[in-house]
Structures are given as structure tokens and as C-alpha cells.
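Trainee: Once you've looked at the hints, dock chain B against the given chain A.
So the protein lines, in turn, are chains A and B.
Letter by letter, the first sequence follows residues 0 to 331 of numbering that gives the first Met the number 0.
Letter by letter, the second sequence follows residues 0 to 540 of numbering that gives the first Met the number 0.
The set of hints was computed from the structure by calculation and includes no laboratory data.
Note that the structure is predicted; figures quoted are calculated from it, not measured.
One or more of the hints may lead you astray.
Here are the simulated PhoX-like pairs of lysine-lysine, each with C-alpha atoms no more than 25 angstroms apart in a straight line [what the hints assert, rightly or not]: (1) K447(B) to K283(A); (2) K124(B) to K221(B); (3) K20(A) to K504(B); (4) K363(B) to K195(B); (5) K224(A) to K112(A).
So these bits of chain A aren't anywhere near chain B, every CB distance computed over 10 angstroms [to be verified]: (6) S86; (7) G98; (8) A223; (9) R294; (10) A310.
In silico contact screen, one side only, chain B against chain A (beta carbon under 8 angstroms); selected entries [unchecked claim]: (11) D9; (12) C487; (13) D491; (14) N492; (15) V496; (16) P498.
All residues carry an ideal CB built from backbone N, CA and C; glycine is no exception.
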Amino acid sequence: MHQPIKFYQTGTHTVGNRLLKPEQRTVQSDRSRSNSLNCGHRACQGCGEALGARYAIDAAMSAARRQLVAANATGCLEVFSTPYPESSWQIPWIHSLFGNAAAVATGMAAAMKVKNRGDVRVVAQGGDGGTTDIGFGCLSGMFERNDDVLYICYDNEAYMNTGVQRSSATPPAARTATTAAVGDAPGNVFGQGKDLPAIAMAHGIPYVATATVADLHDLEDKVAKAIAIRGAKYIHIFVPCPLGWGAAAHDTIRLARLAKETGLFPVFEAEQGEVTGILKIRRKLPVEEYLKPQRRFAHLFAPTPRPEIIARIQAIADRNIRRYGLLDEGAR
Amino acid sequence: MDKPFAITLDPGSSRANHTGSWRTSRPVYVDNLPPCNRACPAGENIQGWLFHAEAGAYEAAWRVLVRDNPFPAIMGRVCYHPCEGACNRGTLDEAVGINSVERFLGDEAIRRGWKFDPPAAASGKRVLVVGAGPSGLAAAYHLAMLGHRVTVREAGPLAGGMMRFGIPKYRLPRDVLDAEVRRILELGVELVLNSKVEDILAAMRQGGFDAAFLAVGAHIAKRAHIPAGDAARILDAVSLLRGLEGAEKPMLGRRVVVYGGGNTALDVARTARRLGATEALIVYRRTREKMPAHDFEVEEALQEGVMIKWLSTIRQAGAQGITLEKMVLDEKGFPQPTGELETIAADSVVLALGQDVDLSLLDKVPGLEIVDGVVKVGPDMMTRHPGLFAGGDMVPAERTVTVAAGHGKKAARHIDAWLRGTVYAPPAKHADATFERLNPWYYSDAPKTVRPTLDLIRRQSTFDEVQGALDEGNALFEARRCLSCGNCFECDNCYGVCPDGAVVKLGPGERYRFDYDYCKGCGICASECPCGAISMIPEEI
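Looking at chain A on its own, in the form it has when it is part of the complex (with noise of 0.2 angstroms):
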């Protein structure tokens, strides 16, 4: 039997693999990584979304060469990152308003642009309240008008750091403070909404992708080829969050990869509004898997089980799965 030695015990799936040749390495396993959230924030513990942006920024600022510039929409990621006169960004960040980073993104992209530095890149960042909610007319017509600027929403279901509200990017069934777990229709309700990285790649912007904090190496890749496109870029990155899911702070990214790994969040990657990549399910779960660990679910299961809003939740995975082809053929 002879066999290519292909195989790295871990292969790409852990942060770094002193197996791997340094290029394949992902940015967070190298030492001088940017850390461009600094220690000292005040995110909860186990915070999905601390992570995700300490993720994503370094994998930009890398792929910008340390030229970049952040707009940031009101929201945890601010507010834990940036109590007056303390700040853990270690690059430079202006926050206007709640709704219009977009906006704000927009106008030093062209700030950049009449100044002739080219290469100083832009992102804007937000929760999915700003985005989805309260910042997505501006966030359109960036999108509209294709302007030089990656906008990354870290999704984490709800308004949290105001205390647990819902957003247009709530799941059905979840619990909030304002979707309550009583009477015969518990949680969030079904059929609302918003499809963002849909809505994203509607406007036929030359770049969409999803990620979870629980795929480095994906993730990583998707920002890096973000940054050397030119116009609107989007990316979506499911960042779950303990307290405000009811779930154990180190379950951050566990929860992460069954959300992946059930299909209830679809993480691939789209251009010019096509679908061209798509990050398959390496271990197929049933939804219970994802939905047992967090509280917001709780009711499902207890005191009174709910197979029948497990099963629409089910179909939601299934419709996924299908839609984006998430399961490779033969495979469990």
C-alpha cells in the first residue's frame, strides 16, 4: 500500500501545526500576530465575538499589510472594547453612531481615495443589531454603490449588551427578553427574519462569505481574499455568546461547530452573487445536538417536550443542507 504523506495528524483543523510549512500557518498562530483587540477588554467570558473580531481583524490587518483603518457600529463589540479614555484596539477605530458605520466606512474610503493612500484598507464592523436592524439602510447602500470598504457582522443572535433583545437575526423558537418562552408558541417566532449574507450577495456585490469561530483556517482565508478585492465585501460570522444563549462560557466555539456541523448555519463563500465555495459538514448532527446545551432552547425540551418545533427547526438545517449542499455524496 503506498500512500502520499498527506496526512498532519491535525491537519488544518487546530490554530497552528508545527507539522505545516509556515505559510500554511494560520495568522493567529503566529507570534507576532497584530492582536488588534487587546487583553484588558471587558467581553464576558468565553465571548464568541471578542474572538471573532480579534480573528478577523489580524487576518486583515495582515492581508493589508498594517494599513487599516475600522469603523465600528455601536454595540458589545464597542462598548466592551472601548470605555473611556481605555481602548483595546490596537489599530486605528472611530465609532459615530449605533445605524451608520456603513456610512461612516464609506466616507474614509473615499477620504483614503482623495488622499491618494490606495493602500490603507477600510473595514467597518458591527453586531447583527447594527447590521441586520438598525444600520442596514446605510449597509445597502454601500453595498449599492460598491464602495472600497469589507463590512463584517458578528452575529450572535440578539441585542445583548442591552440586555438579550431580539433582532431580525434571532432564530426561531429562541428565547430573548422579548420573544418570552410562554403559551403555545414559545420563543421567537417562525418565517421572520433576515437572510443578510443573502441579502448581501442580492445586491451583486463582488464579495459574500460566512464563517464560524470555529473554522480558523476558513475563516482566515475568506478575509485575507476580502481584503484584495476592491469594492463592497461583506462577511458573516456566527460568533455565539454565553450569557446571552444561556450557554457555558467554554462552549463558545463548540457551539460554533454544531451550529456548522448541523447545517443550521451554512458557511460558504459567494461572488458577484454567485455561490462558489461551500465548507461541507465533516460530521452530521441532528439539531438537538446544538439546540441542548443553550437555555434559549430550553423549553424545547423541558417541562414539556416539543418535538414538533424541533422537527421545523430540523427542516430549516435540511433546507439548508440542500440548498447550499452542504453534505458531500456518501457521506453520513
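Mentor: Chain B in isolation, oriented as in the chain A frame:
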């Protein structure tokens, strides 16, 4: 106040905010005991040498290996690898082929002529080792490395003990044995052949030795009384296997019956096939499940055409053949005779019923405790007589090459301490690296690499080695299947996944450090550590 409008404070870094004060439990790096290391009778640091082999650093791997065992090429052939039975990867897909990687490293060392590191400074002490088998030679190696002058006295004409006179060539080619023995002798160990020790205390006095390690093998065949006519040819397994090392091959005839159910019985039957027997029949009084021989040896023997008659004993042997009696197992699992007889033709009968040790060299030593033909030793391998240590087949233990080599190492450490007037205290064992502590998500899927096996026809006619070796490509692949249970292999996961940047990467080989000023104690690092090398410890509040 020359600050801009509405600005009253200088900008500061969030590093002023020590979020470590939020913590209720703290992560700590641990080194747990991998199941392979725990299972190894020779106490090898298997995970440790696989770590180097994974990177292709074979010499470094070999050097870690030989700290505990000087016989990697031999082990890679004759060890029954309990490590693989314990391997956590077995729960995932299949155990790592540790034994085949060990053999690759051992062969590579012979091919490239790697030598042991220079021994420690001379201690001026002299140790006599009796018996040049695996236990004696291992002890000689470790004692020499510790700086002692060692003389090995061997009763036989060649070194190796049961590795030469008990294990057939098709399992252990003699050039491999010779190479690993020679490397030990090159450390300055003196080997005296054909020199049986009759009285150990006299030998120590005459030679001026400070201590002795006794490692006499079990070379006396146990006999069973079988009524036999003059024409019946009855041999014992030990002398048969020993005779193979001579110039004249033993005569067995075409139909050979082997009596016994251990690995030796299988060795004899397989040897008989290679010597030209058309029929090699093993007669064993119990069932296959009760057979002490290892499964893979039974399988290989059956493949080579060896036949096995279960639940049978030999009642009588004569010119016409041998008479077998059928047995049944009673409720306690012991075989009982049924009176049902059967006669089969046989040219010779070989008894493989176990072996005893010749303990006559101890006759004049007072105060020893000898039970069931073996010498009792303490946890330090010392007999009741001060300065007299023993190991291998001579002491109560499983009789394998690996156990023997382990005894040699253990005894050497205690002899060293004894000679220096101290007591050797083995380091405390680490907690077990269990499968539950792993995060198997991170490991790539990779099935076990199977070693090539010699063609069946050559296995029935020659003494060529049955099991082939891995080449560099698949040995590397196999080494990389190691999960590194319980021991950091620097995958950078903790460094990457910390939302607070509270893990400090110290560089290749230096691992990581937690920055407790900022660690909030979320525990993601511990959850996402592939190999379970991080534990969460409650903070004292």
C-alpha cells in the same frame, strides 16, 4: 489643558484593566500519562518518541526511545505491544501502529549506525550480570550508561538468551539481534561466553564485584509423563528451538505433533512446517479461548497450514502413532478426560509445556525465598540477599522479552542507587490521559497502515522474516496518527482560541504560558485542547 474639544483624559490601553480578577477557575497545563506509556512493560516514553518521529526527526525519536529500552529493532519484531491494546486512538478508529514505527526506528538506527550517547562518568563500581538475555543485556546497558563497569557472564555460546535460542528466525532475524547486542557491548560492557556461573557468591568474591544482577532464562523444558514405546521420538521445544541455531537441523519427520498451547507450541509447529513437515498438529487440552498463545500467532500459524486439535491430551506414544484422549471443560473451566480415544500417525512429538529456570547458582545463598521455581524479589528487584538483584524469567512475572527488558532497566536504577548508598525513588506517576479528556474533532481521519506480510509459500519453506517493515513514508504517516494524549504537541489551539489573548506562546519546543492578569477563566482553551493537556482548577476565593 491642551486637549481637543470635549477630551479630558489621555487615551489609555485596556491592558490597565486586569480582567484576571473575574476568574473563578484557572487553566493549568498538565502532562498526563498516555495509556501506551502506562501499558509498556519496559516503561518506554512512547508518546515522547512518537512526537519526534512525527516531525521526521528519527534520530531524536530513537534517542528518546533508547533511554528506556536498548532494543527498538528487536521490540519492533517480538514485543506483543500491549501499548497498542491500550491506545486511545483505538476508540476513534484503530490503534496507532506503535510497534511498526518502533521497528522502523530500530532498523533505521542499525542502517545509519547510530550509537548510544556517551555514558555518565565512571563510578568505579563493578557489577556482575548473569545471563546475556534481554533482561541481563538491558541491565548491562543501563548500568553502563550510569557509569558502572559491567561484566556479563553467559552460559551459552552466543549472546541473546531466549531471543536467540527461543524465538525463531522468521520472527527475529539474527543480524538484527547481533546489531543491537553489539551496540551495548560497544559501551564497554564485557561479555564472557560459555561461562556458566555455578555459585554466585563465589563468582562475586572472585571477580571483586560490588553487586550482581541475575537474569538466567527459563531454558529447562517441563516434562509430562507420556508412556512411550522405544520407537516413539519425543523431543522438547526448548532443545528443538535451540538446535536450530546449530549447523545440523533437527530431524522431525513428515508428521509432527506439538503438545501445548503457548506461544512456544506455535513457534515449534511453525518451525516444523519450515523444516519440511507436511503435517504439523498442535494438541492442546483446552479451548482456543483458554489458549495462552496470542491470537495473531494462532492466526499466522493457521495461515501457514498448522492444524490445532482442541480439547485433547496425549495418552500414549508408540511406533504406530499417538493416542489422543478427548477432553471436556468442567463448570470451573478445567479440562476433564472423557475416555474417548483416537489414534493418529506421528513421526515425532514435541512437548511445549512450559519451562523452568536453573537456579543452581543460588544453592549456596542463604535466606532466599524461592516459590514455584522462581526467586522472590522486592519492588526494587533485590532478592533477600543484599546486593543480589534478579529479573526476567527468574522472578515471578509474565515471561516476555519486553517484561525482561523492563526488569533490566528497573533493576539497573535500583542497583545504581544501592551502589551509591541511596534509595531510588521513581518519579510520581502522572494522572491518566483518558479518552474522555480528548477533543477528537481536531484530529484528521487516518486509517492504520498495515505492514506487509511475507508470501505464504515462503513462510512454509523458509525462515525468512514473516512480517515486513514500514518504509519511511508510511512509518511517518503512522507516527502522525498519534493523538499525543495528555501531552502538549504545540498545535497553538489554546493560543488561538483565547478570547482574551491571555495565552503567551513561548516558541517551538517551549510550549505556552497563561497570563493570569487577563485570563477570565472561561475554559475554552481546556475544551478545545485536542489532547487534554489543560485542566481547569477552581480558584481559591
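Trainee: Regarding the assertion that G98(A) does not contact chain B, is the least Cβ-Cβ distance greater than 10 angstroms?
Mentor: holds, 22 angstroms
Trainee: Given the hint that K124(B) pairs with K221(B), does the C-alpha gap stay at or below 25 angstroms?
Mentor: At roughly 38 angstroms apart (the allowed maximum being 25 angstroms), K221(B) and K124(B) break the hint.
Trainee: Minimum C-beta separation from A223(A) to chain B exceeding 10 angstroms: can you confirm that?
Mentor: holds, 16 angstroms
Trainee: Would S86(A) pass as off the interface with chain B, using Cβ distances and a cut of 10 angstroms?
Mentor: violated, 6 angstroms
Trainee: Regarding the assertion that R294(A) does not contact chain B, is the least Cβ-Cβ distance greater than 10 angstroms?
Mentor: holds, 17 angstroms
Trainee: Is the hint on D9(B) kept, meaning its closest Cβ partner in chain A is under 8 angstroms away?
Mentor: holds, 6 angstroms
Trainee: Does the nearest C-beta of chain A fall within a distance shorter than 8 angstroms of the C-beta of N492(B)?
Mentor: holds, 5 angstroms
Trainee: Checking a non-interface call: every C-beta of chain B should be farther than 10 angstroms from the C-beta of A310(A). Is that right?
Mentor: holds, 27 angstroms
Trainee: With a cut-off of 25 angstroms on the C-alpha distance, tell me whether K20(A) and K504(B) pass.
Mentor: holds, 18 angstroms
Trainee: The hint names D491(B) as touching chain A; please verify it with the least Cβ-Cβ distance against 8 angstroms.
Mentor: holds, 3 angstroms
Trainee: Quick check on the hint: C487(B) CB to chain A CB, less than 8 angstroms?
Mentor: It is violated, given that the least Cβ distance between C487(B) and chain A is near 11 angstroms, above 8 angstroms.
Trainee: Between K447(B) and K283(A), does the CA-CA distance stay at or below 25 angstroms?
Mentor: holds, 24 angstroms
When each numbered hint is compared with the structure, violations occur for hints 2, 6 and 12.
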